[in-house]
Amino acid sequence: MKPTAKDRAIAAAIAVVLFAAWELAARNEWISSTIFPPPTRILAGFPRLWREDLLENVSLTLMRFLGGAMLGGIPGIVFGLIVGWSPRMRRIADPFLAALHPIPKIVLFPLFIVIFGVSEWSTLAAIALTVFFPTLINAAAGARDISPLYFEVVRSYGGSRMALFRHVLLPGSLPMILSGVRIAANIGLLVTIAIEFTVTTRGIGSIIWLAWQTMRIENLYVGVIVCSLIGITINATIQWLLQRVAPWQMRE
Amino acid sequence: MSFALHEVAKAYGHDRRATPALAGVSFAARGAEFLTIVGPSGCGKTTLLKIIAGLIAPSAGRVAFDDPAGARLRTSLVFQDHGLLPWYDVHENVALGLRFQDVGRAEARERARHFIVQVGLERFLRHHPHELSIGMRQRVGIARAFVADPQILLLDEPFGSLDAQTKLVLQQELLRIWQEHRKLVVHVTHDIEEAILLSDRILVMSGRPGRIREEIRVPFARPRDLGVLDTRDAADIRRRIWDILEEEVRQSLWVPQ
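Line by line, the protein sequences give chains A and B.
According to our numbering, the residues represented by the first sequence are 274 to 525, in order.
According to our numbering, the residues represented by the second sequence are -17 to 239, in order.
These are calculated hints, taken from the structure and not from any lab test.
Just so you know, not all the hints are guaranteed correct.
Here are the computed distance ranges between Cβ atoms for each label pair [said to hold, decoys possible]:
1. A/S305 / B/R108: 52 to 62 Å
2. A/P276 / B/R105: 49 to 59 Å
3. B/R105 / A/M362: 36 to 46 Å
4. A/Q516 / B/R105: 15 to 25 Å
5. B/R105 / A/A282: 31 to 41 Å
6. A/N508 / B/E15: 56 to 66 Å
7. B/A51 / A/V518: 22 to 32 Å
8. A/Q522 / B/R105: 49 to 59 Å
All residues carry an ideal CB built from backbone N, CA and C; glycine is no exception.
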């Protein structure tokens, strides 16, 4: 059931009360205003960081994240569709997936540094590898779960293999591909920030890391808020896409 | 338009574990006749239609089409559970019947529209299958089959999943459209009444593995209405079909004769 106007009002009221309580507690030093600066002071951090090129840092993080996601996601989807479509390919690929998928790909980051040096390439490689597996596994599951009936329908009207791909395989697996992209994007963002904590000097992750080292805690919160906004935007975009390409699934 | 099956057999699986589905089925169909194959469930009726449609190859025997080059005739198959693609709306689903012929996209859409109007669903052009009732979905399925202008129309229990009243209405609908676009029909069902109401000729099949047990001509003039089912002739045909089917069904269920 969708939330009613009343549900939304209650949720909004709770949020307002929580922020007011935080503001009050921090201003009166009931909680440490160094660790938990009052929300108004965090907000004031935005224009200041903006002048210190917040935008540049955000776009750098986004470029790393999107670049890595493309490098890993597009091959992931393509391989996933192949593995999902062809039972033979699936039998061959399954042991490799079972062995490689569970590895947290971030553990390979030091290896990438050895290979590519401390450069954007090692960052991109780690993000791409992280994104590759969930997109592959979901695309494969999406392709495999399409009812054989739909392939038969297109074949019965004279559709070629290309037609099967275009009219059945692709539209039929699109919902699962998108949920794979959602999962992959969330992990990919996590890995991007984690890498920025450790080796880079620019990007949102670096802002957050630098903030605690220099005890400019407001900056830390600004970074957290920016990351949250990116995450929310990704999820909302994919939700919107899902509604457009798979309305028949959204009903159930 | 005509075609013939010669000793067509089909077994699923390999070697000793093979399950026979069809055992040596032969019959011919020609002109614009409405031929119905009645048989108990699991007798290989659907397999038979898919062999005619070229979706599966027979294990033995062959299908001969009346074509100078020996090519297969163009077929449309209406699936039992409509087989509409859930990601396409009604218009796209119907146009799919023409998509793989030499017909331009715009013309395909125009002809699809024409048939959707004919089945009275023009208000639902942009609806997706999940937004339609089961009966409406099957009408879209029938429109898709007709728009492809097949030389043979294959119907696989098209009304099997409908309630009794919807079924009666859609049977009349099918007859009406077919009356306008006469073509050779091969229809498969386990519903004896439906077979009598719709067909010119009925073939009765045995249980698995399926073979043809009997051929019955249905003498009623067209256009027909439900009244034909109350005639003496209909009662006789019903009796003849059931005599065979009862035996087959009992056998398949291990109920003593």
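Does the Cβ-Cβ separation between B/R105 and A/M362 fall within 36 to 46 Å? The hint (36 to 46 Å, Cβ to Cβ) holds, given that B/R105 and A/M362 are roughly 44 Å apart.
With 31 to 41 Å as the target window, see if B/R105 and A/A282 comply at their CB atoms. holds (38 Å)
With 56 to 66 Å as the target window, see if A/N508 and B/E15 comply at their CB atoms. At roughly 59 Å between Cβ atoms, B/E15 and A/N508 fall inside 56 to 66 Å, so the hint holds.
B/A51 paired with A/V518, Cβ distance criterion 22 to 32 Å: Since the Cβ atoms of B/A51 and A/V518 sit about 42 Å apart, the hinted range of 22 to 32 Å is violated.
Is 49 to 59 Å respected by the C-beta to C-beta distance linking A/Q522 and B/R105? violated (24 Å)
Status of the given 52 to 62 Å range, CB of B/R108 versus CB of A/S305: holds (59 Å)
Can you tell me whether the CB distance of A/P276 to B/R105 sits inside 49 to 59 Å? violated (32 Å)
Note whether the CB distance of A/Q516 and B/R105 lies within 15 to 25 Å or breaks it. This hint holds: roughly 23 Å between Cβ atoms.
Violated hints, in rising order: 2, 7 and 8; the structure is consistent with all others.
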